[in-house]
Amino acid sequence: MARPKKTRRRRTSLIIPHRRTLPGAPAGTIAVDPSAPKSVVTVMAFGPDDFVERQLDDVGTLKGLLVSHPVVWVNVDGLGDAAMLTALGEALGLHALAMEDVVNVHQRPKLEEYEDHVYLVLRMAPWGEAQTTEQLSVFLGNKWVVTFQEEAGDCFDPVRERVRRARGKLRHLSADHLAHALIDAAIDDYFPVLEKLSDELDTIEEEILQRPTRHVPERLLEKRHRLLGLKRALWPLRDALAVLTRDETALVGDEARVYLRDCADHVVQLLDMVESYREIVGSLMDVYLSSVSRTMNEIMKVLTVIATIFIPLTFIAGIYGMNFDPDRSPLNMPELRWAYGYPFSLGVMLATALGLLYYFRRKGWLGEQKASGGQE
Amino acid sequence: MARPKKTRRRRTSLIIPHRRTLPGAPAGTIAVDPSAPKSVVTVMAFGPDDFVERQLDDVGTLKGLLVSHPVVWVNVDGLGDAAMLTALGEALGLHALAMEDVVNVHQRPKLEEYEDHVYLVLRMAPWGEAQTTEQLSVFLGNKWVVTFQEEAGDCFDPVRERVRRARGKLRHLSADHLAHALIDAAIDDYFPVLEKLSDELDTIEEEILQRPTRHVPERLLEKRHRLLGLKRALWPLRDALAVLTRDETALVGDEARVYLRDCADHVVQLLDMVESYREIVGSLMDVYLSSVSRTMNEIMKVLTVIATIFIPLTFIAGIYGMNFDPDRSPLNMPELRWAYGYPFSLGVMLATALGLLYYFRRKGWLGEQKASGGQE
Amino acid sequence: MARPKKTRRRRTSLIIPHRRTLPGAPAGTIAVDPSAPKSVVTVMAFGPDDFVERQLDDVGTLKGLLVSHPVVWVNVDGLGDAAMLTALGEALGLHALAMEDVVNVHQRPKLEEYEDHVYLVLRMAPWGEAQTTEQLSVFLGNKWVVTFQEEAGDCFDPVRERVRRARGKLRHLSADHLAHALIDAAIDDYFPVLEKLSDELDTIEEEILQRPTRHVPERLLEKRHRLLGLKRALWPLRDALAVLTRDETALVGDEARVYLRDCADHVVQLLDMVESYREIVGSLMDVYLSSVSRTMNEIMKVLTVIATIFIPLTFIAGIYGMNFDPDRSPLNMPELRWAYGYPFSLGVMLATALGLLYYFRRKGWLGEQKASGGQE
Amino acid sequence: MARPKKTRRRRTSLIIPHRRTLPGAPAGTIAVDPSAPKSVVTVMAFGPDDFVERQLDDVGTLKGLLVSHPVVWVNVDGLGDAAMLTALGEALGLHALAMEDVVNVHQRPKLEEYEDHVYLVLRMAPWGEAQTTEQLSVFLGNKWVVTFQEEAGDCFDPVRERVRRARGKLRHLSADHLAHALIDAAIDDYFPVLEKLSDELDTIEEEILQRPTRHVPERLLEKRHRLLGLKRALWPLRDALAVLTRDETALVGDEARVYLRDCADHVVQLLDMVESYREIVGSLMDVYLSSVSRTMNEIMKVLTVIATIFIPLTFIAGIYGMNFDPDRSPLNMPELRWAYGYPFSLGVMLATALGLLYYFRRKGWLGEQKASGGQE
Amino acid sequence: MARPKKTRRRRTSLIIPHRRTLPGAPAGTIAVDPSAPKSVVTVMAFGPDDFVERQLDDVGTLKGLLVSHPVVWVNVDGLGDAAMLTALGEALGLHALAMEDVVNVHQRPKLEEYEDHVYLVLRMAPWGEAQTTEQLSVFLGNKWVVTFQEEAGDCFDPVRERVRRARGKLRHLSADHLAHALIDAAIDDYFPVLEKLSDELDTIEEEILQRPTRHVPERLLEKRHRLLGLKRALWPLRDALAVLTRDETALVGDEARVYLRDCADHVVQLLDMVESYREIVGSLMDVYLSSVSRTMNEIMKVLTVIATIFIPLTFIAGIYGMNFDPDRSPLNMPELRWAYGYPFSLGVMLATALGLLYYFRRKGWLGEQKASGGQE
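If you read the sequences in order, they're chains A, B, C, D and E. Going by the numbering used here, the first residue of the first sequence is number 22, and it counts up by one from there. Going by the numbering used here, the first residue of the second sequence is number 22, and it counts up by one from there. Going by the numbering used here, the first residue of the third sequence is number 22, and it counts up by one from there. Going by the numbering used here, the first residue of the fourth sequence is number 22, and it counts up by one from there. Going by the numbering used here, the first residue of the fifth sequence is number 22, and it counts up by one from there.
If you're looking for bench data, these hints aren't it; they were derived computationally from the structure. From a predicted model like this one, the values you see are computed outputs, not experimental measurements. Mixed in with the good hints, there may be bad ones.
Given that identical chains are not distinguished, each listed pair holds provided it fits within a single copy or across any two copies.
As the list claims (entries may be wrong) - Straight-line C-alpha distance at most 30 Å; calculated DSSO-like pairs for lysine-lysine:
1) LYS252 to LYS131
2) LYS164 to LYS244
3) LYS59 to LYS84
4) LYS217 to LYS59
5) LYS59 to LYS164
6) LYS131 to LYS217
7) LYS131 to LYS244
8) LYS164 to LYS131
9) LYS131 to LYS84
10) LYS252 to LYS217
11) LYS384 to LYS244
12) LYS59 to LYS384
13) LYS252 to LYS190
14) LYS217 to LYS384
15) LYS190 to LYS84
Chain A on its own, in the form it takes in the complex (with noise of 0.2 Å):
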């Protein structure tokens, strides 16, 4: 009953919802999964000298916000409640299909560009058992970055205490930054995430090279459904970033356009080692089936060297537990009562069992262990 579960939490990464936008249906539509979590809107403005956080209730008040600090970072986790969802992109001048996509959470990352506003959507790092990409949908405004996630719970904290603190240079600088912050910590968030993989797949391989189990092809489908969710999360956001670090946006300025392109940098990395761990479940699969083989040949060589010398032999005991009349005929088993029939017929089993084992042990089925175990 648990196994069903366990497999189609497994497969998550890769499953589509059911996209609740209706074919047919204009484009631009806000369609809120009903299931989804309540919206809560928390506000950080801050210049240099200035810092309000709060949560913001009333979408009203955002506008004095604006115009009383340089950067305002609005982060919404949760996408249930389609009039505040409406009302912010309303405010924000956010464009209507962008809005769509932040609903229909599975969006490959990619960057629109519209005309007062970048939106990028990118996929947070698959972290507890579901391994689920939870997707981050970035805004970035001249003053503002908007950032909507599914759930509460993110890998922002840092960022955020960099702010409070005012550790670093974050509240000297424009929104750029802000949004090249949490974007770099969204993307670094991948590195533990491989960093288990890489782990995992070493204990796999130690266990095919030691003793493999007949779980190993289930573990390493799991790893390649993993890796190709990350991969999935990775590819497009490589082309997503590279756009952005070309010369076309105003709202990037030249010294962010440096520090995303260290970011676009590290998404190459983890592709990289994406790319490589794929390769790695390939061949870890490739010396399963030849191990598996091998197994079945060291079945198959026992049967075959046991049953084929003791078939013969039992063939001979056969012959003589005959019940032909000696007394009939003096052609019908001599033998049987010759003084030396007994030792003799042992001796022509002996014999035969010897022979086979010869020939066994030129053909190498004998002691291959032995014999290659010198050459590691």
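Start from chain A and add chains B, C, D and E according to the hints.
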């Protein structure tokens, strides 16, 4: 009897029907399939305040509608009526080569730009058991859209409702927006198809991991065929839409272009899923094959263990079943007359059996499941 | 004896015949194959109102035709006559390198642009048992088209009829339209070849799924060879036509260019099919191999079930076939003299057999078909 | 003893010989292989009416020839003479990096353009048993061509004859045409190599389809190695020639450029064959493996049929070979004393055997060949 | 105990060490690995006539050297000293992001261009048992080169000697030539690594063809891991050098650019080898698997031949070992009392055995080696 038919049906998305245009015929010949359904032409003409919907029997009346309404949509269901198709093509100035492709219903998706209209071929999402993708031809002119479908029944009803009820802004927009709405509907119709396929792959995966049957390869083959069909329907569509969203044609306005970019994005997302599923099908096949090998190993182990234990025992029993005459010589099977001959022989058998069992246990051929069960 | 020949024939589309031009010979040498058929040259010269068709024995008469008619088509069947080829090449100013390629009949399709003419190499669709692709060389000049074929017999008869009977507009058009008509006919001739191949793959698939024979790999290999040959004939043709439809040469007018684009589109469609079929051949091989494994499994199961049931039983029978003398000691096989000894031993055998059957049933080695039958 | 040597020889085309230039040595060092053959330098200087051919012992005399003749070809066989190479390099102003590559004879083909000369590395077609590709360095200057070969013996004799006998136009043309003639000869020399390989693959295919031996994988491996070597020799050459045929260097005139384009075309054709053969080798391996599986199946079927028929029969015979004493009890093997006991037991055996045969026939394990023979 | 450690060591080139920079930390943080060796800084400053080499303890003294000498090379062994690294970075104006990458020692090779310096990351050729690739960071400024290595010990001693002894022209050249000399040394150091790997693959191939042991897959897996590591070290380096050899940065002069192009060429050659070896590893695995299958076939043949011959014979012997009482009925085993019963039964056995042998010989299951031996 039912089986071959089913097989044939399943492959339909890949089969090439016989081209009706003979090799060597002049290009631009409209060669109607005699078995194609009769053409039924419906027209929707509308503006912000006005709306006409009717079946079109005489192409001549189209002129008037084009004058009186900002946007006219002509939809043709069924391609069996050469005269009607020719008349329509001439009335709107559709290019002869394009009209030839309209009736040769197994085109790859493509975009052809002519002087005053654009011709886009799509394939509609495969529904029903046959899994065929119906060809949809979309012509976009300055004030009109013409669509040709192989059969009645499509995914455009929501668009029709939006026009009829003046829902959304469609009634206020130009022909390019109508074209977008239709293309968008046709593309989004693929999502539920892929969702269904994802569920089916899930089911197969569970089955493979728990109790693989011999129908797995056949079912994976069928999935592979379907994914190949989907890829062939979507891959060229991506390129066609990319051309359409570039700045080249004046028939598509800037705003509609942004929306079409969104369509193109959906196609990329669909292709991404198709590629992932293709990869999953491949790895499921691998896991299935490894499980077949494993089963074979298990069978061989049981055979080997039982056969190699009993074959030597039977040999020993055979020895003492021989009829050498102990009366003739003290060397002839004296054991038969020993007081403890029988228990002694049973003891030898028992020792042999235990020795072999010990050997097998050391090899790990007994109780593999239990041993590895603890590792998962 | 018949077999090797057949094998050789099948591979023909891949074999490289010995180049007649020796390495180190000056480039541009016309090295005629001595076994090639005699060249037969026919000319069709036509204009809107005029039409001449005759066999050409003296190249000198060509000049007159070129002056008197808007379009002249020279067709050469058979490449065995070096003198004729050289004369023709010189009369029309065909480039020496091109003429060398005309007689080296295993060129890849390609396009060469020279100062005042264009040279296109195609391979004609493979018909007949040999499945060879005949080389077709098309030269397009300002007012003339020259075609070279390896043998008589081609797919151009419908074009010839269109010229002879003044069907369509061909008589009114320039030489580039004639070239298009010929290229179009040659390309469209591939469609029925692929349709036939599709049917054959369907048959093989049905066979694999229902009762795979040992000839499947051989037949799939043959299909793979043929598809490889088709790919090699079509892939470079796509590039050649792409070059021809770009704006570079003045020999092709704008209208003919649109029609050639349509040809190029057909080639892409053909390649798309070829790639799909190549993939299908691959997955059919996979399914075949898995079915071979499955059959093996089934055979092993039957062997294992019967052998492991009867081997222990035979051992028990062997025990009571031993000749230990019960007279010598009460320990020597007292069972033989028990009143219920025989029924008891039969009972032990029955119990052993039932126990093993229960074990096998629990393993799922009995009645797999029935169990899984309900799942499909 | 002979075997390892053969293996080593076969791999030669892939082995990397130890670079003589040590890591960290200044770039441009001429590090001569001490075991390389002595350098033999021959010069051919010619113009339309003039022709000199002689061995060059003193590099100083080269100057005079360069003044007196329009074209000078210096050919060096053997790279063992550092002094001579250095002198030659300085006399003609060859770049130090290029000279370093000349003696490091395992370069990939490449083109280097220097100020007043061009340096092309080719690999000559592999002949002989060793299947090594000899390095050919071609320098093209304004009035001269220099070629360096590892050993004496090449494919340039036809070119030499054309110069000596003033055959063709070569004596009237500039140095770039000479370079073309040499490159053309070197490339065309690959065709017969591939023709031979094609024949060998044909032979292996026939063998696999008729009676596969265990040497097939080894032979396919050798073919794969050779094809890999050919690919490595030709692939970069394609790029090198593509650069040479672009308009960049003034050393190659327009006419020679057309001829070099023809060379490049031959390389593409060769690569196309190499790729096809690589694919064929792969599919032959597949078919071989499937035939190995099939053989296994057949063996298992015979074993299973015979073993499962006779094992139960032997059991029945074993039953009636038991020694239970019928005197002690009427239950003890009364059959032994029945009048029809023996025929009855034989009948039971016969029935068992027939039943099993029927089962096997229904499974299709008997007479597969005949059944499927009719389908081909 | 020793095994897991070895496995871990072998994978090192692929493992991702835990990044020390935490996700969310400001970009540009120098996070030193506490276990990294202490930094040892050495300086070589030189001009045509002047040369200083010393250990640098105080970064402040660097200024003077930069003024007094045309070229300064600062080499840092060990990255454990954050203060020293920061001081050095600030003294030369190295970019903070670059310094962050210097201490995160598992960068992919890459090139970063900053305003007045260029930063190149390479990985040094893997030596020793661990097969790890040490990170080498090269900064090139106007008059200086800075290199950072993870540990002491490198391949630069020949370069140092050339500077110390004024061998070659290095002392007369600018900083870009020094950078080239170092990069060239680092790249050429890969050649012997690949030469060793080539020899090892040769050994494995011989072993597979002659007597494959069960360690082959494991050893091929290890080679595959190493080749993957090499590919990951070299592939991005190719791109990095391609950028460096384009005309973009003024820090590299035209002459040095030619030499760097030569380096890039070496990287391409290395990658070409790596790809070839990867392909060879793949085909060796194929051949190994086919040899495992073949061995299985041979084992099965022996088993089948011996078992199927003796099983029927044993059955016949079993028949005549039955104890039916001939006294009770003339139908009860009359053969037992025939005069020629025993020879007759032996004759039947012999005939059976010969019949089966004939069948097996016709099947080709006897003497395969001899039959095929003549074909090689």
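Next on the checklist: When Cα atoms must be at most 30 Å apart, do LYS164 and LYS131 count as within-copy, between-copy, both, or neither?
Outcome noted: within (22 Å within a copy, 33 Å between copies)
Item to check | 30 Å Cα threshold - placement of LYS164 relative to LYS59 | outcome: within (27 Å within a copy, 45 Å between copies)
Next on the checklist: One pair to classify: LYS252 and LYS217, alpha carbons no more than 30 Å apart. Within, between, both, or neither?
Outcome noted: Close inside one copy (16 Å) and across copies (23 Å); limit 30 Å.
Next on the checklist: Reference check for the pair LYS384 and LYS244, CA-CA at most 30 Å: within, between, both, or neither?
Outcome noted: between (40 Å within a copy, 29 Å between copies)
Next on the checklist: With identical chains, the pair LYS217 and LYS384 could be close in the same copy or across copies; at 30 Å between alpha carbons, which is it: within, between, both, or neither?
Outcome noted: neither (46 Å within a copy, 33 Å between copies)
Next on the checklist: Regarding LYS59 and LYS384, is the shortest C-alpha distance of 30 Å or less found within a copy, between copies, in both, or in neither?
Outcome noted: Close neither inside one copy (73 Å) nor across copies (50 Å); limit 30 Å.
Checklist entry - Is it within, between, both or neither when you check LYS131 against LYS84 at 30 Å Cα-Cα? => result Within. Shortest intra-copy distance 28 Å satisfies the 30 Å Cα cut-off; inter-copy 44 Å does not.
Checklist entry - For the identical chains here, do LYS217 and LYS59 meet the 30 Å Cα criterion within one copy, between copies, both, or neither? => result between (32 Å within a copy, 29 Å between copies)
Checklist entry - When no copy is named, should LYS164 and LYS244 be tagged within, between, both, or neither for a Cα gap of at most 30 Å? => result Result: close neither inside a copy nor across copies, 42 Å intra and 50 Å inter.
Checklist entry - With identical chains treated as interchangeable, where does the CA-CA distance between LYS252 and LYS190 reach 30 Å or less: within a copy, between copies, both, or neither? => result Answer is neither; intra-copy 33 Å and inter-copy 39 Å both fail.
Checklist entry - Given a CA cutoff of 30 Å, do LYS190 and LYS84 count as a within-copy pair, a between-copy pair, both, or neither? => result For LYS190 and LYS84, the Cα distance is within 30 Å both inside one copy (25 Å) and across copies (29 Å).
Item to check | Homo-oligomer pair classification [LYS131, LYS252; C-alpha up to 30 Å] | outcome: both (14 Å within a copy, 21 Å between copies)
Going through the hint list in order, the structure does not satisfy hints 2, 12, 13, 14.
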